[in-house]
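Given the sequences, and given the hints that come with them, work out the whole structure.
Residue numbers (the working numbering), protein chains in the order written: chain P, 1 to 320; chain E, 1001 to 1320.
Keep in mind the hints are simulated off the structure, nothing from the lab. Quantities reported herein were computed from a predicted structural model and do not represent experimental measurements. The hints are all genuine.
Pairwise CB distance ranges (calculated): (1) E:Gln-1152 x P:Ser-19: 37 to 43 Å; (2) P:Thr-267 x E:Gln-1152: 56 to 62 Å; (3) P:Arg-246 x E:Pro-1061: 44 to 50 Å; (4) E:Gly-1098 x P:Ala-309: 27 to 33 Å; (5) P:Glu-225 x E:His-1059: 52 to 58 Å; (6) E:Gly-1245 x P:Asp-56: 47 to 53 Å; (7) P:Ala-268 x E:Thr-1060: 55 to 61 Å.
Don't be surprised by glycine CBs; every beta carbon is placed ideally from N, CA and C.
Protein chains: 2
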Amino acid sequence: MRAMRENDLHQHIFSRNTSLPERVTLGPGDDMGGVRIDGGQVLVTVDQLADGVHVDLRHTPLEKVGRKAITRNLSDVAAMAAVPVAAVVAVSLPRDFGEARANTLFDVMRDTASHYDCPLIGGDISMWDHPLLIAVTILARPPASGRCLGRQGARVGDVICVTGWLGGSLHALEGRVHHLDFEPRLRTAWALAEADPPPTAMIDLSDGLASDLARLCGASGVGAELWADRLPISPAARAASEHDGRAPWVHAVADGEDYELCFALPTAGAGPSLPGEIEGVPITAVGQVTAAGNGPRLTLRRPDGQVEALSESGWEHRGS
Amino acid sequence: MRAMRENDLHQHIFSRNTSLPERVTLGPGDDMGGVRIDGGQVLVTVDQLADGVHVDLRHTPLEKVGRKAITRNLSDVAAMAAVPVAAVVAVSLPRDFGEARANTLFDVMRDTASHYDCPLIGGDISMWDHPLLIAVTILARPPASGRCLGRQGARVGDVICVTGWLGGSLHALEGRVHHLDFEPRLRTAWALAEADPPPTAMIDLSDGLASDLARLCGASGVGAELWADRLPISPAARAASEHDGRAPWVHAVADGEDYELCFALPTAGAGPSLPGEIEGVPITAVGQVTAAGNGPRLTLRRPDGQVEALSESGWEHRGS
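Listed below in structure tokens is the structure:
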């Protein structure tokens, strides 16, 4: 039996939530929801971090767990080019977790949130006989430009760009593991929102380039071709490749938890004039937006020139 | 070894979160946090519902589970007299939950939220090999009066009032179980915020009158005396009393999950002029605010006239 897919469940919720009040500026289906309160727009996102799914407490220091609970959610905020304002956390602690460790965990979450000017202003703590689960909610406001960058809006011909390097996020290299140590791309996102022209659509890479780009394309009603030989392959992806024998570009396309940004840029702002880096973060053109035909939504031009279909769900987060 | 106490953990977080940015209007320690965005005030609260802790999926219909996930959080919104604006949910589903049941759960959460004009605008779904856990975050705005009602502010001499009836929330009576079927007291709270005089402090009753009143008194720096013979004892508390032999008033003081409001009213607005009901919900004076001396924070005047200390933590939510 095919397992439940998170995408299907999301689809179910979205499809029936069609009569939202006027104050809702962004309904379900993007990296953040949005609502107008007292004339101002408030954005909100919630994300979960579970022991055994997103981290493994047997191997991951508590400091990294607490940090990731916050930064992973800030990556969603960056995806909209929004500015974090405040956070609340809900934590279910195993009953035998211990008070000292609980305090360490909360200290790290609070300090990480403060570091990104996103103070922890409330929370809920509960105890149970199951693994640690943390749900972080972040409130944010639109960037200075007033323009949030959503998943909708990519147009045929736009160049697809990514920040940073892709792949191998779970692979330890020189004492660093990207999925625990990454920097949410807030500053880069704010700079992009101010750029002329700004991206037409943006998403953060949590489930992997193929899966997340498929979401952006689905929301925009377009397709995309990725260029395998242009992908910014991370050193960790190369190391992982040596380890498992899969080509480095497969890791870059398929691995999850990059927490980089993927965005579509009108060609006027791309090509020769594509910025090589923004706020110290490299920007790489990795493909192009295509028309959504009857064929596969995503294709990949392999290094040997062959073009093949990319499964949209091939690398969906499998929950462990 | 004494188990970790949720109160201690909360205390730890609050005590170290002293340097909050100016935009934070309500830090941790009340029923909701608050932050100023674009000039308007946004309130936020998060709450968890866990299978085996707050509900039991072996006996509780999914419709009731989804409803309670939302209404329990709306009770926190009512505690501040705030007006719900939007909600997001984070759900960890057991891998074998089944898609049809997942859809039912999400439908009920979405419909319940809509019913209270609090549309679901986003969420996160994850799957794992452990029980269902739902974290609901609600955004709200201050009431029309502009005055949110917090836990701080109760003054010596104020009358302590509660809405509705207390006790026996888990006890089934005539096919109804209060903790699944209760109505969050939003309308009553809004009317109270408009009253002249309004309450000086308010909290909702989730862990039980003794525990929650102790929190209100702690935040206000006062004590309180409860009058056992004035407590509005619910029929379910009487039934539970017949079942376990504890006095009905003990159930009213100690049982959790009433989801009623408890508030302090200046005596000018109490006594003979105490409103008997608001928006169809009975209001009962159950005690009085006292000075915080060296003795116990809470005392109880028993039906026989004897006054005894009430343990502040005696009925803390034990997590199952």
